[in-house]
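Number of protein chains: 6
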Amino acid sequence: MTRPSGRNANALRPVQITRHFTKHAEGSVLIACGDTKVLCTASVEERVPPFLRGAGKGWVTAEYSMLPRATRERVARESAKGRIGGRTHEIQRLIGRSLRAAIDLKGLGERTLWVDCDVLQADGGTRTASITGACLAVADALLHLREQGRIAALPLKDWVAAISVGVCQGEAVLDLDYAEDSTAEVDMNVVMTGRGEFVEVQGTAEGAPFSGVQMEQMLALARAGIDDLLALQRREFPEVER
Amino acid sequence: MTRPSGRNANALRPVQITRHFTKHAEGSVLIACGDTKVLCTASVEERVPPFLRGAGKGWVTAEYSMLPRATRERVARESAKGRIGGRTHEIQRLIGRSLRAAIDLKGLGERTLWVDCDVLQADGGTRTASITGACLAVADALLHLREQGRIAALPLKDWVAAISVGVCQGEAVLDLDYAEDSTAEVDMNVVMTGRGEFVEVQGTAEGAPFSGVQMEQMLALARAGIDDLLALQRREFPEVER
Amino acid sequence: MTRPSGRNANALRPVQITRHFTKHAEGSVLIACGDTKVLCTASVEERVPPFLRGAGKGWVTAEYSMLPRATRERVARESAKGRIGGRTHEIQRLIGRSLRAAIDLKGLGERTLWVDCDVLQADGGTRTASITGACLAVADALLHLREQGRIAALPLKDWVAAISVGVCQGEAVLDLDYAEDSTAEVDMNVVMTGRGEFVEVQGTAEGAPFSGVQMEQMLALARAGIDDLLALQRREFPEVER
Amino acid sequence: MTRPSGRNANALRPVQITRHFTKHAEGSVLIACGDTKVLCTASVEERVPPFLRGAGKGWVTAEYSMLPRATRERVARESAKGRIGGRTHEIQRLIGRSLRAAIDLKGLGERTLWVDCDVLQADGGTRTASITGACLAVADALLHLREQGRIAALPLKDWVAAISVGVCQGEAVLDLDYAEDSTAEVDMNVVMTGRGEFVEVQGTAEGAPFSGVQMEQMLALARAGIDDLLALQRREFPEVER
Amino acid sequence: MTRPSGRNANALRPVQITRHFTKHAEGSVLIACGDTKVLCTASVEERVPPFLRGAGKGWVTAEYSMLPRATRERVARESAKGRIGGRTHEIQRLIGRSLRAAIDLKGLGERTLWVDCDVLQADGGTRTASITGACLAVADALLHLREQGRIAALPLKDWVAAISVGVCQGEAVLDLDYAEDSTAEVDMNVVMTGRGEFVEVQGTAEGAPFSGVQMEQMLALARAGIDDLLALQRREFPEVER
Amino acid sequence: MTRPSGRNANALRPVQITRHFTKHAEGSVLIACGDTKVLCTASVEERVPPFLRGAGKGWVTAEYSMLPRATRERVARESAKGRIGGRTHEIQRLIGRSLRAAIDLKGLGERTLWVDCDVLQADGGTRTASITGACLAVADALLHLREQGRIAALPLKDWVAAISVGVCQGEAVLDLDYAEDSTAEVDMNVVMTGRGEFVEVQGTAEGAPFSGVQMEQMLALARAGIDDLLALQRREFPEVER
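Residue numbers (full-length UniProt numbering), protein chains in the order written: chain B, 1 to 242; chain L, 1 to 242; chain R, 1 to 242; chain P, 1 to 242; chain C, 1 to 242; chain E, 1 to 242.
Take these hints with a grain of salt, some might be off.
The calculated SDA-like cross-link candidates involving lysine to any residue, where the alpha carbons are at most 20 Å apart (straight line), are [unchecked claim]:
#: 1; chain 1: L; residue 1: K81; chain 2: R; residue 2: E63
#: 2; chain 1: R; residue 1: K81; chain 2: C; residue 2: A80
#: 3; chain 1: L; residue 1: K81; chain 2: P; residue 2: E78
#: 4; chain 1: C; residue 1: K106; chain 2: C; residue 2: T61
#: 5; chain 1: E; residue 1: K57; chain 2: E; residue 2: K106
#: 6; chain 1: C; residue 1: K81; chain 2: P; residue 2: R83
#: 7; chain 1: C; residue 1: K81; chain 2: R; residue 2: G82
#: 8; chain 1: L; residue 1: K81; chain 2: P; residue 2: R83
#: 9; chain 1: R; residue 1: K106; chain 2: R; residue 2: L52
#: 10; chain 1: E; residue 1: K23; chain 2: B; residue 2: R74
#: 11; chain 1: P; residue 1: K157; chain 2: P; residue 2: E197
Pulled from the structure, derived: some chain C residues nowhere near chain E, Cβ distances all over 12 Å [claimed, not checked]:
#: 12; residue: R3
#: 13; residue: G6
#: 14; residue: A11
#: 15; residue: T18
#: 16; residue: V48
#: 17; residue: L143
#: 18; residue: A231
#: 19; residue: E241
Taking beta-carbon pairs under 7 Å as the criterion, some of the chain R residues facing chain L (in silico) [stated by the list, open to error]:
#: 20; residue: S43
#: 21; residue: L67
#: 22; residue: Q121
None of these hints come from the bench; they were simulated from the model.
In this text, a Cβ means the ideal position worked out from N, Cα and C, and glycines have one as well.
Hey, can you work out the whole structure from these sequences and the hints?
Laid out in structure tokens, this is it:
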């Protein structure tokens with residue numbers, strides 16, 4: 001099988017990270033995974049939601065959106081429709097849970113990190129690129145807090161990165177772009193920590209169900225791909241000792 | 001470790017199926033998994049959504065809701081709040097995808113099956129009980145169509161059943177009730193077909209991330225539990241030759 | 001005239017009451033009036049709405065909903081439509097007012113009773129069945145509060161029950177089912193107390209207006225029907241001395 | 001008992017009718033019942049809602065609103081709140097049903113009458129003033145259609161008028177103003193036709209329930225008050241032969 | 001060029017002011033500019049929005065709405081649509097800013113003035129009539145506060161009035177009615193103070209863009225028209241020494 | 001007076017234009033005016049809104065949004081709030097009108113241009129930067145249509161550009177950044193065509209009203225600034241002969 005992009009089954013697309021892409025946010029990272037480009041910002045608010053008041057720990061919440069013409073066909077804004085769709089809800093909950101696995105909420109103190117992932121251009125894998133990039137935006141926001149002396153130690157328990165895997169024409173492949181994603185039989189998103197443990201595994205049979213063997217193949221591909229992403233995260237953030 | 005319910009790690013709660021629970025719906029099944037009780041109905045509409053018109057096949061869509069006092073604490077109705085929350089969106093998309101794996105949409109013809117899963121009483125595992133019960137409500141609706149001569153063959157490709165597994169106090173367990181679910185370290189929902197293949201795997205680390213070994217243990221428990229549910233489905237529907 | 005059900009003009013449908021139908025709510029009653037089945041729960045909240053804070057008395061509020069396939073044709077959920085319709089508003093205001101006539105709000109203390117009436121199956125008369133059943137769910141919730149010692153005396157001023165009457169083919173009839181309700185010339189809902197006084201009278205000419213004589217006939221039928229319902233309520237709740 | 005206004009128990013407030021109050025609407029009537037002032041307009045649309053297409057008859061629908069400062073305290077606009085409240089829903093459904101009792105929908109043809117009742121100043125009884133005034137606005141709109149030759153005969157089956165009655169300090173009174181309405185034990189709205197038959201009767205015990213005798217007293221007061229309103233309608237519309 | 005109304009290019013429509021048009025509001029003015037009629041009320045609330053609490057000054061906010069049949073064709077209510085449209089937002093922000101230019105917010109104290117402009121009948125220029133009338137309703141509300149001794153001095157810095165100008169068939173004209181407004185090439189709204197300074201200038205080329213010369217001509221017409229409106233305001237409020 | 005940025009009163013901030021910033025949209029331009037950065041895309045849809053069907057001409061509509069952390073303080077998404085605010089409505093209507101002045105809608109044919117202006121980073125003047133950039137994105141979309149042979153001639157009547165002017169500490173200045181904008185006494189946005197005519201003039205006194213002389217000074221500054229922007233537009237689009 002030849003992939004539409006000509007990549008090998010286990011090949012990631014080129015990843016490019018730009019720190020400090022915009023100037024107001026405490027953390028602002030543009031991540032490009034091939035033609036998928038997501039602007040991830042992390043904003044610090046000096047209070048927590050009502051359900052956590054006085055609990056002596058912080059919170060992390062994520063929002064995700066696509067610019068209307070990030071995609072092949074223009075998609076109506078959710079603000080214009082007056083409601084957030086199911087897919088968006090699903091993705092922003094996934095990003096939030098993934099980040100909370102990386103952050104020591106006690107160490108963060110009574111603060112909220114608002115993480116915004118805005119897709120400027122989409123070519124498959126926007127949710128996993130969001131997670132990988134958002135973790136970096138969070139790191140920058142935490143470094144900013146430490147520089148300002150508002151926290152003593154960096155409350156980053158571990159790096160977190162994510163990738164998609166799938167089954168296309170019967171074969172397990174890594175990091176699907178849009179051409180593959182739209183025709184894949186199985187689509188799976190995997191989120192892992194720097195220590196090689198799972199945070200999330202979400203596999204969906206789009207057409208036919210998948211076997212236990214295919215699942216193992218996909219997990220192996222995901223593990224290798226995420227290792228590369230984690231190495232990249234560490235290289236981009238030499239000031240984080242991890 | 002002793003489970004709050006005293007069950008073994010690999011023990012399902014008792015399951016009870018009541019067909020024809022209400023009288024108007026083409027399919028109406030009350031499923032009780034321990035103290036979790038879900039009313040699943042399947043309604044037939046003789047047309048498809050706009051994006052499928054003229055495509056010569058049908059559609060299946062699912063909605064999920066909890067009665068306000070299905071839970072320990074009363075939860076405000078989503079109709080009163082004016083919007084459907086992220087959790088609900090996530091669950092009804094999961095149910096819909098799972099059912100579409102069971103149904104031959106071509107064989108259904110240009111019809112929509114509306115599947116409603118309304119939780120009358122909740123004690124953990126409402127989304128997996130919904131899937132297992134909804135598949136039966138769909139079977140009854142399809143049998144009804146066949147009896148009326150509106151379809152020739154039953155467009156049911158396979159049974160579909162679902163169960164939750166998780167890690168509690170470091171140990172993998174099957175079919176979490178609320179007491180376990182609310183404190184589990186890992187929560188995973190697995191949906192499988194009658195042929196033993198995966199439709200959905202959604203694992204989430206609530207506290208600490210989980211290892212590959214734990215993942216394998218959970219998948220093994222899920223597989224065994226789902227086998228029991230599938231046997232039950234077949235027993236309840238002798239008229240479906242499968 | 002023969003009624004579709006074969007009942008006499010002054011005959012109620014069989015009524016069946018199931019206390020403690022679900023386990024979490026302080027009061028939970030399933031009421032079946034013929035094929036109309038409503039699950040009524042009463043939930044206790046230990047505070048009152050802002051407009052009553054510090055007023056030394058409680059509040060009772062009611063919500064009403066039908067499961068999407070409680071009816072012949074599936075009806076879209078109000079949560080999916082994002083707004084509660086006029087009919088629902090009208091009914092839940094009616095239920096709330098009726099219950100407040102039965103309850104001694106001072107005796108309740110600064111608590112809110114949330115009453116939920118969810119129609120599992122509809123065959124006419126859902127709003128009056130809701131009132132009759134909700135009064136029982138409230139009684140159970142109040143008994144629960146007294147058992148726990150949170151209130152000394154039962155703040156139930158009186159029983160409240162409701163029934164529909166109407167004019168069908170020129171004749172006054174009691175307790176209309178769907179077949180009658182959908183073609184009746186006049187539809188009237190009557191709510192009365194255990195002492196035989198009116199709480200609500202809502203009569204509507206659907207087709208032709210009605211005379212004073214017809215009104216008297218309908219009120220007489222309603223009074224007799226409600227007497228039977230009140231007797232049933234007292235029989236089901238021997239622990240309430242009333 | 002002395003009423004706050006000094007009126008006798010059976011006395012209406014002075015009623016003033018101004019036809020053609022605004023210039024664009026086919027029917028536009030300002031009705032003043034004491035200090036309650038409602039602008040009622042009737043607009044003709046040359047089509048019917050989808051559920052009536054091709055049925056060879058028309059439709060009448062009503063909307064009701066209060067200007068924010070029609071009342072003692074300013075009330076937030078429902079447009080600003082983004083939703084129509086339960087009270088408004090209840091009232092506009094009542095107005096619509098009442099008008100449909102007056103109009104021959106077949107004779108109207110495939111047209112919709114949009115009736116808007118906007119309360120400029122409120123002092124109790126806004127819903128009944130709306131009905132009495134709206135019937136006149138409709139009459140003017142129908143006269144307009146006849147003048148233009150779009151209909152041959154006036155499809156007005158009868159006049160319709162409405163009044164409130166209630167129990168204040170134990171005594172039945174007619175046409176409650178705000179001072180009475182806000183403290184009444186019982187509040188009842190009655191809608192009748194020119195032939196003296198009932199269209200709607202809606203009685204509500206606000207505090208204590210009411211007896212059958214009180215109900216009869218209220219209905220007698222209502223009947224007399226509505227007779228006066230009907231006479232006034234006829235006097236204002238000499239061109240309607242009825 | 002002859003204007004549809006036969007007026008000269010620099011002629012205002014007749015303006016009529018009715019103070020105390022409704023009885024509850026602290027200020028209530030009906031302003032008629034030709035056939036455009038707007039009811040403007042000003043309501044006093046004894047607190048300010050959160051962002052101003054403790055700032056020692058007041059706030060003025062405006063809302064604008066048209067009755068559904070104020071216009072040639074009936075327009076659906078924004079409450080029924082569930083959202084306020086862009087045009088309404090634009091107008092109410094304009095009215096609010098204009099009034100804040102007239103009022104000494106410090107002198108008002110920690111109070112909010114809610115200004116409601118409800119168009120009873122529309123014939124062009126509703127937003128400028130609203131501003132001119134609202135300023136008077138505010139004046140009446142402030143006089144009321146002074147009479148009650150709640151403020152010592154009248155916190156009215158200046159009068160504010162507004163008018164529309166435009167270019168029709170190449171010629172600059174003053175105070176466009178609907179017939180002109182709907183076909184004008186340029187539409188400009190001008191708001192000025194009693195001292196002859198600008199508060200707002202909003203010019204829009206509907207068809208072709210406009211030259212600097214045309215702009216000067218329109219501003220000259222507006223200045224003269226507003227001078228007349230200001231004279232009228234002063235004449236109607238002899239008790240305001242300004 | 002020294003401006004916060006050190007610029008002269010008549011100095012524009014540096015402007016940078018990046019064509020083809022994203023790959024899917026027919027036109028995609030990133031415009032940076034100092035630290036204000038807006039991504040403008042133009043999308044072609046092969047149909048028009050209902051009110052224009054069969055009219056033989058096209059339509060242009062604009063949407064405007066800010067990323068949540070484009071600003072100093074994070075601003076909640078309008079999609080999360082469920083409604084678009086007044087400021088956004090005002091701006092997108094302004095952008096739409098401005099673009100319609102530049103485009104020959106007949107020449108466009110029965111197509112809609114959807115123009116999206118998304119502010120990635122804000123530092124004052126986002127609406128005028130949006131207009132100047134959106135005109136270029138539209139030009140690119142039209143060039144794309146011509147290259148594909150879907151239109152013969154470029155339906156671009158003229159260039160359109162916009163700038164803000166204002167009064168700061170009594171002095172008229174050009175192109176306000178956030179530091180100035182937030183404290184300016186007057187804020188005016190001016191939109192002009194390549195032929196030097198006005199499309200929009202929107203001046204607002206934020207604090208004190210402004211004189212006719214100040215207005216003339218602001219218009220002169222705007223004219224000069226827009227001349228520079230128009231020169232830049234022409235330089236960036238040598239393939240447009242204008």
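Here's how the hints hold up against the structure:
1. L:K81 <-> R:E63: Since the Cα atoms of K81 (chain L) and E63 (chain R) sit roughly 13 Å apart, the hinted pair holds (cutoff 20 Å).
2. R:K81 <-> C:A80: holds (14 Å)
3. L:K81 <-> P:E78: Cα-Cα ~16 Å, so holds.
4. C:K106 <-> C:T61: holds (15 Å)
5. E:K57 <-> E:K106: holds (4 Å)
6. C:K81 <-> P:R83: Satisfied, since the Cα-Cα distance of roughly 8 Å is no more than 20 Å.
7. C:K81 <-> R:G82: Given pair K81 (chain C), G82 (chain R) holds - Cα atoms ~12 Å apart, limit 20 Å.
8. L:K81 <-> P:R83: holds (11 Å)
9. R:K106 <-> R:L52: Holds, at roughly 11 Å.
10. E:K23 <-> B:R74: OK: K23 (chain E) and R74 (chain B) at ~12 Å, within 20 Å.
11. P:K157 <-> P:E197: The given pair, whose Cα atoms are some 13 Å apart, holds under the 20 Å limit.
12. R3: The assertion about R3 (chain C) holds, with a minimum of 23 Å to chain E.
13. G6: holds (29 Å)
14. A11: holds (23 Å)
15. T18: holds (28 Å)
16. V48: holds (19 Å)
17. L143: holds (23 Å)
18. A231: holds (18 Å)
19. E241: holds (20 Å)
20. S43: holds (4 Å)
21. L67: holds (5 Å)
22. Q121: With a minimum Cβ separation of about 5 Å from chain L (threshold 7 Å), the hint on Q121 (chain R) holds.
The structure shown violates none of the earlier numbered hints.
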